[in-house]
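Undergrad: So the sequence shown is numbered by my numbering: it starts at 6 and just counts up by one.
These aren't lab readings, by the way, just hints derived from the structure by calculation.
Cβ atoms here follow ideal geometry from the backbone N, Cα and C, with glycine treated the same way.
Not one of these hints is a red herring.
Once the Cα atoms are required to be at most 20 angstroms apart in a straight line, the calculated SDA-like pairs of lysine to any residue come out as:
no. : residue 1 : residue 2
1   : K407      : P440
2   : K111      : N7
3   : K474      : F437
4   : K50       : D34
5   : K459      : D448
6   : K247      : D228
7   : K363      : N377
8   : K173      : K219
9   : K219      : K252
10  : K116      : L131
11  : K497      : Y423
12  : K67       : T11
13  : K66       : F168
14  : K202      : S223
Computed Cβ-Cβ distance ranges for the label pairs, DEER-style:
no. : residue 1 : residue 2 : range
15  : P498      : D107      : 43 to 53 angstroms
16  : N249      : K407      : 55 to 65 angstroms
17  : E18       : H347      : 35 to 45 angstroms
18  : N122      : I401      : 50 to 60 angstroms
19  : N428      : R199      : 17 to 27 angstroms
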Amino acid sequence: MNTIYTLIRNKSETWVKLETENNQSIINDIIKHIDTSGKLRPPQKESIETYLWIKFVGHNKKLSEMVREGLLYDDNLARDYDNYHTFQNNYVTQFLNQFFLDNDLKNLHKKLVNDPNGVTIDWNVLLDNLLHNFEYPNYLFSLPMGAGKTFLMACFIYLDLYFASLFKDDHRFAHNFVVFAPQATKTAILPSLRTIKDFNPEWILPKAEADKLKQIISIEILDSLSSKRKDKLQGNNPNLEKVNRMKQTKDFGLVFITNAEKVVLEKYDDKDKVLIESLEKGQQNLLDGRTISEIQKSNELREALSQIPNLTVILDEVHHTYGSTGNGEKKLRQAVSVLNQHDNIVTVIGLSGTPYVKSIIEIDGKQNIKLNQIQDIVYNYPLNIGIGKFLKIPDIRKVSVKESAFINQALDDFFSDYNIEYNNGTRSKIAFYCPSVKKLNDDILPVIHDWYSKNRAGKEDEILRYYSKVDKKNKQYSLPKENLAIFNNLDKPYSK
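Let's have the full structure, built from the sequences with the hints guiding it.
TA: So, in structure tokens, the structure goes:
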């Protein structure tokens, strides 16, 4: 089956091979340096090859435009499909012909064959809708958990900055970046994204070039807590202060890592939009001063971010942005639209290990296409390929015992067989994933403490509870502030 990502991979492999045979090629220099450094995993390196092809051959165009211009077209592949001669050099209908046949869409295929010129159905519009029809170039990289998605984000950032410094007026390359995590109360992703700061660009660039970029780049975390915590003297939003301060000193190499819903979309729901309209009409007497201030500061932050020039937006767990909520587009995608209100977005790059989102494309009001997978995937590395290579082979055991016995046995096995120290001094860890905060504290944690009292007395400080946030009903389970810092440093030698 031909997909966007298989077509691109075929093109990029051939292109990279030709570039690496050219000693004058800048692509050759980068690929050989990556090979020599030996730091990247296969899917990271292949993703970078795809990225380079998109930038230098695809010219950072929308995928639908690449299809129209024949950049993804393979005539030898096309000849293997029925009705090849019907569509001749029309790359859109050749692509749809393959898509319909591969996905057994017989009725649509029949209409395509009978109406290749698109008299009854506009095939160009269908192509746009099939590839999600965003206002900006949008590329999804699908890699499984453990493949190194966070450092891959850093690779994209440094490579874009490197090329932008060489080709200063080339709009294919971003000068600044916003990295979005999904809703923080559902995941612990934002803390992991902070490790972008730890990436060493010498993995992908020569030391001299890497050092230059390290002097240029400024990475700042926009914290959801900071958005609500006002300065006592000025009443300002600390995130807004960070953005304005950095923008005043530079317009190249800015990287903001944040949570879209808690920061960018704060005070942006339907209720607040009505209040904003009231403000614009001069009806400030309807609102108290604090509400007016919060709305104004939130709008100022959105405006400040949207004015950042030459911007690439990177979305972690991007599958959360596809489809709709029933009331419009998903909030994470809505945040991207906010940043693009001045058309400053160069590219949107998404990463996900689970690009499986059901969607329906309506056609001529009579039929539709039902999809089970996101269609603008440009690179895909399946989980089953990684297992046994760079991903560990899981040791799966199923037991039918009561919960406490299972936990005790797991701890016995871990400290007997897996309690090791790595070359850099980091110690192995055992993690228990719990279905709820209450379950963790009331049922799981007491069993672990009891095991420690019998087997590792005096070492209870090795036990760490971590979850992103608690709601009001679980307020008694609130974590000490230092737990976040401990969690962020679990892979460091000084972590217990």
